[in-house]
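Peer 1: Top line first, the protein sequences correspond to chains B and V.
Counting in the working numbering, the first sequence tops out at residue 1489, every number present.
Counting in the working numbering, the second sequence tops out at residue 1070, every number present.
Just to be clear, a hint being listed does not mean it is correct.
[As the list claims (entries may be wrong)] Beyond 12 Å from chain V on every Cβ pair, some chain B residues (computed):
#1 T1119
#2 Q1137
#3 V1210
#4 A1224
#5 N1315
#6 L1369
#7 I1403
[What the hints assert, rightly or not] Where chain B lies over chain V, by a calculated footprint (3+ residues, C-beta under 8 Å):
#8 931-942
#9 954-965
#10 974-985
[Unchecked claim] With a cut-off of at most 27 Å between alpha-carbon atoms, the simulated BS3-like pairs for lysine-lysine come out as follows:
#11 V:K1012 / V:K931
#12 V:K1012 / B:K1371
#13 B:K1371 / B:K1217
#14 V:K937 / B:K1465
Note that these hints are calculated values from the structure, not bench results.
Yeah, the Cβ is synthetic: ideal placement off N, Cα and C, and Gly gets one too.
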Amino acid sequence: MICMAEKRIVYMDHSATTYTRREVLDAMIPYHTEFFGNPSSQLYSIGRVSQKALDTARAQTARALGAEPDEIYFTSGGSESDNWAIKGIARANRKKGNHIITSRIEHHAVLHACEYLEKEGFTVTYLSVDKYGLVDPAELEKVITDKTVLITIMYANNEIGTIEPIAELGAIARKHKVYFHTDAVQVIGNVPVDVKAQNIDLLSLSAHKFYGPKGVGALYIRKGTKIDNLIHGGGQERRRRAGTENVAGIVGLGKAIELATADIDGHNRHIRELRDRLMKGILEKIPHARLNGHPEKRLPGNINISFEFIEGESILIWLDDEGICASTGSACTSGSLEPSHVLLATGLPVEISHGSLRLTLGNVNTDTDVDFVLDVLPKVVSRLREMSPLYQKSGKEGGCNVQ
Amino acid sequence: MYSDKVMDHFKNPRNVGEIENPEGVGEVGNPVCGDIMKIFLKIENNIVTDAKFKTFGCGAAIASSSMATELVRGKTLEEAWEVSNKAVAEALEGLPLIKMHCSVLAEEGIHKAINDYRKKHGLPEWEEKNPHSHEHEEDLTCQH
């Protein structure tokens, strides 16, 4: 539980973003105030201090991933890292081929980058997923051709929390000598990552998902990888990514990743306990509700549940009224109401996708928060169902629980 | 994102429920699109004496249903027919542009309920001045 302007806030949207830890912020502040020198200004001391801070953050990040420091490149965040990996690999390896493989449940930073490359003449295969959101490694192997230059599959899904069989997918990519990129934005601090053991060639991450600041991320690029630059200009990041470094942000990323990966098991145990109790409670208390994503292979803090006969936004407004921050897979925001591409890819019917709720737990949550949501949510759902013509029609008959 | 009036009608919706043996019923929308409205009208001597609704949808859809039923109560059928989606949105102190279709749905729900009444009484149905493509029971895509 956190307090904002005296109103009690129960924050359960950690997959959207996290707060910045005090220790992280404390580490960052001197690089805004005292040590503001440009790391490229090596001829005076405060420039060298900044450079040293970057080196430290690079080493911290590399250690967390099982990589070497000179394989870490700092960026502005997950979207830039994804765009760089995909466009950079595609363009640098154009002579070898024009085929990219991804999945239907990727983040839009990946999907839209792939769609953009399609306009440049690349062919993209979008792998289907099963009802849990899992990519089938055998399916991946089948679609690789001698023109395939890149496979990009997310490590874990941001909406339904499903964790993909990354090591297996990486091994297949390696066997066929195709570059393998993974968007690991959701997994840092939640799942142990080892880029060497898991055959990952490129990996995207973003600091604000693991209690670091917003606007800073990194791309791991395995040594020897043939990749074009995305941002052109000065010679920063060993001539790979131009632009004066976000020194304070990078210091924050380094500190945050060190803290987040220091005790992944301990962190998970606590959050999983809270999550499991909340998930079980919701499914027990609310009929016609179904869990989206995999029952076990999921991020420790993730809950994604669809409630039949009601619409997601109206759930969120009521939860917000009670001070609960959550999100929905429904996008009732335009004339063409497209629910989440992820839920649809798992085969969830469109009308049920509209009533989905994502709760993502994290460091701030307590047992009291879980009790509070378990008290409020059933009332909200039943209130909305009472006014739903769909519930009136079929509510008392079998719903999605029996599927 | 929503005006205070929308929030008020969302949180304290007026006229939720059904009318037993209503003179007119109109159901519009589609579960695939994420919104369905069902409007019930009680009509005596050409006057809407009661209006109720049931709605599946977002905050704006629920608030629009609530406001539309408020606006048509006590009106003659001719007056009720003239309650436009714009009037519903204005009475709600505005809707975000992307939610305007919710007010369209409310207008269509009222129209459909009035025509249901007219049909039952052997009267010719009134024609929509601005036909919207909100009904697509067969078509499972959303094209508002």
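Peer 1: Against each hint, give a clear statement of whether it holds in the structure.
Peer 2: Against the structure, the hints come out as follows:
1. With a least CB separation of 37 Å from chain V, T1119 of chain B remains clear of the 12 Å interface cut-off, as annotated.
2. Listed as a non-interface residue, Q1137 of chain B keeps its Cβ farther than 12 Å from every Cβ of chain V; the least gap is roughly 44 Å.
3. The beta carbon of V1210 of chain B is kept farther than 12 Å from every beta carbon of chain V, the shortest such distance being approximately 23 Å.
4. With a least beta-carbon separation of about 32 Å from chain V, A1224 of chain B lies farther than 12 Å from that chain, consistent with its non-interface assignment.
5. Against the 12 Å criterion, N1315 of chain B stays outside the reach of chain V, whose nearest CB is about 37 Å from its own CB.
6. Distance to chain V confirms L1369 of chain B as a non-interface residue, since its nearest Cβ pair spans about 22 Å, more than 12 Å.
7. With a least CB separation of 5 Å from chain V, I1403 of chain B falls inside the 12 Å interface cut-off, contrary to its annotation.
8. With a threshold of 8 Å between beta carbons, the proposed coverage of the stretch 931-942 of chain V by chain B holds, since 5 of its residues qualify and at least three are required.
9. Requiring three or more residues with a Cβ within less than 8 Å of a Cβ of chain B, the coverage given for the stretch 954-965 of chain V holds, as 8 such residues are present.
10. Judged by the Cβ-Cβ criterion of 8 Å, the stretch 974-985 of chain V is covered by chain B as claimed, because 7 of its residues qualify and three suffice.
11. A threshold of 27 Å between alpha carbons decides the hint, and for K1012 of chain V with K931 of chain V the separation of about 15 Å falls inside it, so the pair holds.
12. About 40 Å separates the Cα atoms of K1012 of chain V and K1371 of chain B, which puts this hinted pair outside 27 Å; it is violated.
13. Proximity of K1371 of chain B to K1217 of chain B is assessed by CA-CA distance (about 24 Å); at most 27 Å being required, the pair is judged to hold.
14. Among the hinted pairs, K937 of chain V with K1465 of chain B is consistent with the structure: their alpha-carbon atoms are about 13 Å apart, no more than 27 Å.
Of the numbered hints listed earlier, those contradicted by the structure are 7, 12.
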